[in-house]
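K.L.:
What follows is each chain in one-letter form.
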Amino acid sequence: MEISPLTILLVLAFGGTALTFVAGRSARFVALGTAIATLVVTLGLLAMFSLSELLSYQFLQVNTWFTFMGAPGSPGLSIDYAVGIDGISLPFLLLSAVITVATVIYHWGEEKNPAGFFGLLLLTNAGLLGVFVSLDILLFFVFWEVVLIPMFFLIGHWGGPRRQYAALKFFVYTHVASVVMLVSLLAMVFLGHWPSFDFTDMTAVQGYNASIPEVAQVFLFGGLLFGFGVKLPMVPFHTWLPDAHVEAPTGGSVFLAALLLKMGGYGLIRLAFPLLSLGREALTPLVFFFAFLSIVWGAYLSLSQRDLKRLVAYSSINHMGVVLLAIGLWTQLGVMAAVLLMFAHGLVSGLLFMISGSVHHSFGTRDIPSVGGMTSRTPILSTMLMVGSLASLGLPALVSFPAEFSAFLATWESLRYLVFLPLMALVVTAAFYIWMMQRLSFGPPHGIPADAKDLPLPEMMGMVILVALIVLYGILPFLLVHIITVSPIFGACYPGGGGVCPGLP
Amino acid sequence: MTPETLLMAVLLGIAVVTALLALLAREVVHTIIWIGGFFVTLSAIYFVLYAAFLGVLQLAVYAGAVTILLLFAVMVIKKRIFVREAGAGVGPVPILLALALGAVLVALAAGVPGGTAYSAYDVTALSANLFTRNGAWLLLLGLVMLSALAGSIHLAREMRGAPSPPRGGVP
Amino acid sequence: MIPFDDILAGSGILFAVGTFGVLTRRNFILLLISVEIIMNTAILNFIAFSAYAPGPSILGVTGQAVAVVLVGLAATEVAVGLAIVLALNRVRGSVDVAKAMDLKL
Amino acid sequence: MAFVLIGLLGTRLKNGGGLWAVVAEGLALVWGLYVALSEMGAPLPYHDVSFVWFGLPNGTNFAMGTLVSPLGALMLLVVNGVGLLVVVYSLEYMGHEEGLPRYYAELMLFLTAMNALVLADNYLEFVLFWELVGVCSYLLIGFFWKKPEAAAAAKKAFLVTRVGDVMFFIGIFVFFTAFAGVVDPHAVLYPGTSCPGASVGGGLPWACAGFTFTTPNANSATTFLPAGIVAQNANPWLMGFGGVMILGGAVGKSAQFPLHPWLPDAMEGPTTVSALIHAATMVAAGIYLLAITAIFLGFTEITSLIILAIGGFTSFFAGTMGVVAPDIKRVIAYSTISQLGYMAMAVGASSLVSDVSGTFVGPGAAMFHLFTHAFFKALLFLAAGSVIHVVGTQDLFKMGGLRKYMPVTATTMLVGALALSGIPPFSGFFSKDDLLGLTYAAAQADAVAWPFFALALLAVFLTALYIFRLVFLAFSGDRYRGAPPSAPHPGAAGTHPPTDPHEPSWIMRGPLVILAALSVAAGFLPLLPAFRGLLPGLSWGLFGFTYTGSGWIFSTPDLVISAISLGLALLGLTTAWRLWGNGRVYALPAAGPLPRIHGVLLHRYYIDDAYDAFGRSVILGIARGFAWIDRYVIDGTIHGFEEVFSGISTRGRKLQTGLVSNYASWVILGLVVLVAFFLFVVPHLSGILGGG
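Chains as they are written, first to last, in this note's numbering: chain A, -6 to 498; chain B, 5 to 175; chain C, 959 to 1063; chain D, 4 to 695.
The following block holds chain A by itself, in its conformation from the complex (with noise of 0.2 Å):
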């Protein structure tokens, strides 16, 4: 049996969390080793990914794990470990890595029961990993699952004032959306006579969903347009994720916004939009919708926050609602800035939510008006507060800028002069940045505690990883591009590809 490097980074990553459960006072320093050690792995399959391999997923690994056995004379379902990767997930796999050895860093001096919470943040990194791995729907439903629970015991344990409340909401939010998605996927897999669950040849899959009739196409995108917008989230099922994010701790903030959120995005481009072509084409003025309103939404409720959290998590919906667009766009630019903004977003945000702790360790509140003049006492983390506003709101030479570029770009393309809707929003967005920049870095110093500290050096080396990714894909975007694009939902729309586009036109 041929082991692939996934399944080494998958046992990495569960016994790494393993270790830290029961490490107990020396838990961040297995944490750490751990999450760097996951971070190694997956660099070298950054290395060793194949630029030229477009039609397939790379290091393949398949495995019958049981087989349900059909009449006699129909072929059976099988189970499957199937695992592998394309440009698509590769960069998420990185940016999962990337912010899990970040938050350990940050949460360096962490008190409140320490391996507990490392081992809880790197089971979420884990099963993060099997999601964007996973290439059989069963064995991506059971790592989507695997990476909601921590999070609801890391809200609801380590959270701030209102975290049963938030936990719980979280919890039945994601929970409801959880079941319909697998309700949809196992009607997918049913109603297409699929030989077995799992989905390592997305042309054969395609040719299985193609004799599903549209009626139930639609039911079927709907259900994993739901499933996967809530965890997007997409407006209006997106009420879980304020409270989530203010009541959670720094880190759970962090990867939540970082990294949970890109789940919802990475399913719909891995399972919803290519497997179920009617159905996208009936519903594609629907996720338009949902999209604008996001991005409407998002921008203009983050400019009526006074508490930093929420503007942060506001403005994730802002992001995120472009990512959707670009998705429902389904052209081989807006996925690519799709992927490329829920790339930056996972940075960018990750980053802001870590000032947004900070601030809060140093000044005790959140409160926007109440704090100002933070420049003066807190240079390096006014600092960090800029650069992460600048590079939310696009900032040239950091990595949103091409992502959005692209996504307004495509958005163009598609639809022209709609893209007028988010462009304004864009402003909006830039407002509220400035404007809280304005009130919370400028001025006279007002409302800082004597004893307030500038960044202690855990938090700050945190964000540096942050900052530097983030400014190098910024100048350098074709390093990831080059990647994204190499995947079977692109691959055969190279030239010499094959002609014909399974996935994008």
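Hints are supplied without guarantee of correctness; some may be wrong.
To be verified - With a cut-off of at most 25 Å between alpha-carbon atoms, the simulated BS3-like pairs for lysine-lysine come out as follows:
no. : chain 1 : residue 1 : chain 2 : residue 2
1   : D       : K150      : A       : K446
2   : A       : K105      : A       : K446
3   : D       : K401      : D       : K150
4   : A       : K446      : D       : K149
Hints listed in this document are in silico derivations from the structure and should not be mistaken for laboratory results. Quick caveat, the model's predicted, so the values are computed rather than measured.
Could you slot chains B, C and D onto chain A? The hints should help.
P.N.:
Here is chains B, C and D on its own, set in the frame of chain A:
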């Protein structure tokens, strides 16, 4: 009606009757006797279906071990453990439910056509299958048994420090 | 010629009998016995279907193999169940399930 | 050559003091001169380096590269020349401020971004550095971040230009689709340039065509112009729309009429920064954009007219506000807006003219004015800065009689003022003359342009009026009106209480003198054939005599226009002298319309207030409304569900008797129902769901 059909009908009838008697008996010892009979009857059915190994297994494990185990448990408890069921305790709902379930299951079975049982599965074929293709299940069963063993021991040990039971509180 | 519908119908009735026992008996040992009856009907079905499968086939042997596993499982279950009976008896001095209403909210 | 840019960036990172910045900027200027000289020798654009920034399987590539063009070379001269002088000037002017490394770092980033913008070879790269320039200006305007006004001004600058940027984005999108991906403005300005260095980067399509957005189907720059015109004919509405959107970007950056309010407020930044923003970097970027895209904008007449109208109106409109502003820097700021209006007007006019004559004159006149304006505007700002540095206030009415204390500053300021008002032989005269002549030609081509031509002429009068008001109020007379030692203007750059006003050191005076000399000399540069190569379609005239490169042509209308504008300028000058000269301070009459007009002008036509009110009530109102809905409607619905479910479960928990048998009953019931369902209902369902 072929002899086989007749034989099968008789065996099934005996099985149903012994099972009912086991549940309705007044003394727990009688229950155990009837259930032993039920197990033996099932073993006979397995033989008729050419599953000889299963029949032997049934005899050894169920008719032998399980029955003795039950008897042993009764002896350990050393009480008149058979609680007389008051007539009022059995409402119409459970009976109706059981009847409905039976009806549904029989209806489910009604559509199945008959067929010829294949007689050539000997122990070799069975073990070959069991230790290769379905080895994982056997392994899993081993694990389950191991944990059950541990659980049983734990259950027995746990009670040592527990408050002593209210003796004599039983009718 | 084996009448499979008869076997299935018979096992269905046996299942119903076992269910009846589970629903009405309050003695833990009798409950255990009822569950065993149900378990046995399942095994019976596996064997019946394995016999029903045409020819020497993988399906046929697998049915019997599963039945073997199930017999082991059922035996284990009895062992654990009886351990529970003993524990219950020691704690409560009774094996009446109606008195062990810990599941009530 | 990109090497130098990287060198600049490197310096930016490690520099702690201004000297590094001076050295870096000096190198940049030398390099700019080299580029400009080589361009003068061979006035055609050429590519230097480029690479794919990112690309897609379907062949859409987004490239980054440098492209050296004559206009770009001219801009390099301006940016780095002014930049060097400003940096030198800063050595003393900013010497006492906190956060100097930050200042120099931001300044160098600003100049780097501007250099890169000038060298950009496609719109994506252009917009990238365009945004970077915007952010740097945000940081620099907000340099005195402890002052709430500075922070607010920085915010305003960023947001207002952001509105323009959004329109610019759309404009780029339009061109990207309309021209099938090839958008290289230079290829249009200089037709005949073909695909240099096609082998760079392995012969990919983008290596040709100017490293632009390219698609596999359209990779030839030489056929671009006809293709563009075809596209225009196919969809004039789209082309016009795109042109207006591009214009929107330029309007935001160059502070033209609807989006102008940020520029006066930007005076909260250090004076050196103001000089840089106004003369060479930020606002010039907008005009440069208009100049290199003039051909696209000229595709539709209406776009050209809009540009002309906005420019002409702004030049007048800003001038009126400049006449009343009490703040020395704000007066100069309004003059910038006004002069930028002239440039925009010239771009619009040149497109109109080319429509008629069939040849494209190009935006040479606008760029020439940008060139001369850069020097005298930097001069004015730096001179004003040295005044502020010494007297510690920006209020004109607290100055006066400064000539005898600081003669060098006074003289150079006077040179700048004369150049700005367009009085020969100072450079402003020649460039402004070109603009007005071009606008006159446009007005003949299209009668709609007449009122704006008239407004532009009026603006000439206003220009002279307000700039000499400034000069006279500050320097003339015997009396120093400031109450020494007055409390320094809060936060004004480099203030120390003026017990005895005196000239600053030569580090500050040197740049003033150099700029003054340039302000004179720049006007005559077009006489050099090499320089004319940098500015396509530029003509140089003196009272009706136009130099064509080979000889002189006389035309009466040109003479008339020159005479009128000179007369208006002199009129403005004398009016200013009558009102404010020699220590006089003109007092408004108590009655009549004048005080009211004065009030309106002082409040900047209430436009700023209107924007503020719009932002505060409408935008924030929408935000609060959405927040309310989010909280009570959406979350309320969810909580409603919660109520329902908890009601059900309160009742449902009564079913939990705790008796195992009862639980089992439910299980069995469920089983029965399920089996019955599959047995009797499902067979009928399968037809509906299509198999399964």
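K.L.:
Hint by hint, where does the structure go against what was stated? Just the numbers, ascending.
P.N.:
Violated: none.
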